[in-house]
Structures are given as C-alpha cells and as structure tokens.
Amino acid sequence: AQSVTQLGSHVSVSEGALVLLRCNYSSSVPPYLFWYVQYPNQGLQLLLKYTTGATLVKGINGFEAEFKKSETSFHLTKPSAHMSDAAEYFCAVSLTGSNYKLTFGKGTLLTVNP
Amino acid sequence: GAGVSQSPSNKVTEKGKDVELRCDPISGHTALYWYRQRLGQGLEFLIYFQGNSAPDKSGLPSDRFSAERTGESVSTLTIQRTQQEDSAVYLCASSGTGGNTEAFFGQGTRLTVV
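Read top to bottom, the protein sequences are chains H and F. Numbered according to the working numbering, the first sequence terminates at residue 161, and the numbering increases by one at each position without gaps. Numbered according to the working numbering, the second sequence terminates at residue 1560, and the numbering increases by one at each position without gaps.
In case anyone wonders, no lab produced these hints; they're calculated from the structure. Check before you lean on any hint, since a few could be wrong.
Derived lysine-lysine pairs resembling DSSO-like cross-links, with alpha carbons at most 27 Å apart [unchecked claim]:
1) H:Lys148 <-> F:Lys1503
2) F:Lys1503 <-> F:Lys1457
3) F:Lys1457 <-> H:Lys96
4) H:Lys116 <-> H:Lys148
5) H:Lys96 <-> H:Lys153
6) F:Lys1503 <-> H:Lys153
7) H:Lys153 <-> H:Lys116
Could you put the whole structure together from the sequences, leaning on the hints where they help?
Put into structure tokens, the structure is as follows:
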C-alpha cells in the first residue's frame, strides 16, 4: 500500500521568497505523483504530475517538482512567491496496476506575507 | 457535463436526521472517490469505487456512513443519524483508467449539522 507524508501543515513565506513544500511517499512499486492546489473557497485542481520520463516536472503558475527516487520525495518549489499563491497544497500518489487508488497527504497551508 | 457535479452545494440538517449527498462524475471515468474536509483540516479519505470491483470502504468513519455507485455513473453518500462532528465539506472526485490519470474534483457539498 502507498502513503504520503507532507512535512509541515503550515508554511509561511514572504512575497518574493522561495516556496518549498515537502512531500515524501512510500510505495512498493514506482509511483505516479501529483500536486493539487486548493485556493480559498474553491475546489482542488491539478498543479502538476509525474508519471514517467523527466524527473523535473513543471506545472502551472511557475511551480515545479522533482521526483527523487532515492529520497522517495516529490517536493514542490517556486522560486519567488506571489500573494496569489496563498492556498492549500496537497501531494498525492497512485500506483501502476489494477488498483490505482489515489492517496493524498494531509495538505500544507501556504501563507504569503507582504 | 464537463466536470464533476455535486449536489446539493450546501445542506443544513438537524442532528439525528439522515442526509444524502450526490456526485455525478465525468462520463467514462471508472474511478470515484469521496473525501471529507473538516474546517481547517486536510483531506480525509472515505471511500473509493473502481469499476466493478468491490469498493474500498476503509475510510468510512462509522457504520452511519455508506455509499453506493451505480455502474460507472452516479454515486450517493448517505449519512444516517447525523452528528455535529459530521459537519464538513464532502468532496467527490473521479478519474479515468490508469494510475497516471489525475482526479477531477467537484466543488463539494458543505454539510452543517445543527
């Protein structure tokens, strides 16, 4: 079975600073990895995903994430935070095979300070 | 429709009453998920349907909770004898075939038990 751990339920950064949201996973087979974002009072939407190929994945709004198999990590980064990035971010994992249930982390709330 | 549709969008019910929440997934999506999101908290997995396989009910918090899905279409989440701690946003998501496909979320049903 797979699992996801997001370190830090709340991250606060200043506008213009680096954003780093941590995600570690465990799975018995190569995973598929996702980051979702939930803006205030909105539904979840996909930010980016890793399936196969290049381990550095670029998403919307300047975010990117790198799949590091040796570290079982898929951390989300953005070089320069913007006020509009304030939201809750969820990391998720699914597997190959017939039972590919998507498993989510608990989420990290990002606050951006002016 | 083009996206996942949930109804009602808001529901206020008295403690002890039963409620039914409906989810219309994206046409053709074989996987369907229900999650719960309490105020200020992350996603809590409830139940997962995948095609004709037996659903994964491991996240249902008590026997007051049940869900059904008709084939690969509509799903209904039922909460019997509602309690105040059931107050939350209930999110439905659907995804296509394969673990490399992302889940698409509905806007959720905000349930308030008074």
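Hints, verified against the model:
The straight-line distance between the Cα atoms of H:Lys148 and F:Lys1503 is roughly 12 Å, inside the 27 Å bound, and the hint therefore holds. Under the criterion of a C-alpha separation no larger than 27 Å, the hint pairing F:Lys1503 with F:Lys1457 is consistent with the structure, at around 23 Å. With a CA separation close to 33 Å, the supplied pair F:Lys1457 and H:Lys96 exceeds the 27 Å bound. Annotation: proposed proximity of H:Lys116 to H:Lys148 holds, straight-line Cα distance about 20 Å (limit 27 Å).
Note on H:Lys96 and H:Lys153: the hinted pairing holds, with a Cα-Cα distance of about 18 Å set against a maximum of 27 Å. Distance hint between F:Lys1503 and H:Lys153 is fulfilled; the C-alpha atoms sit about 19 Å from each other, no more than 27 Å. With a C-alpha separation of about 21 Å, the suggested pairing of H:Lys153 with H:Lys116 holds against the 27 Å cut-off.
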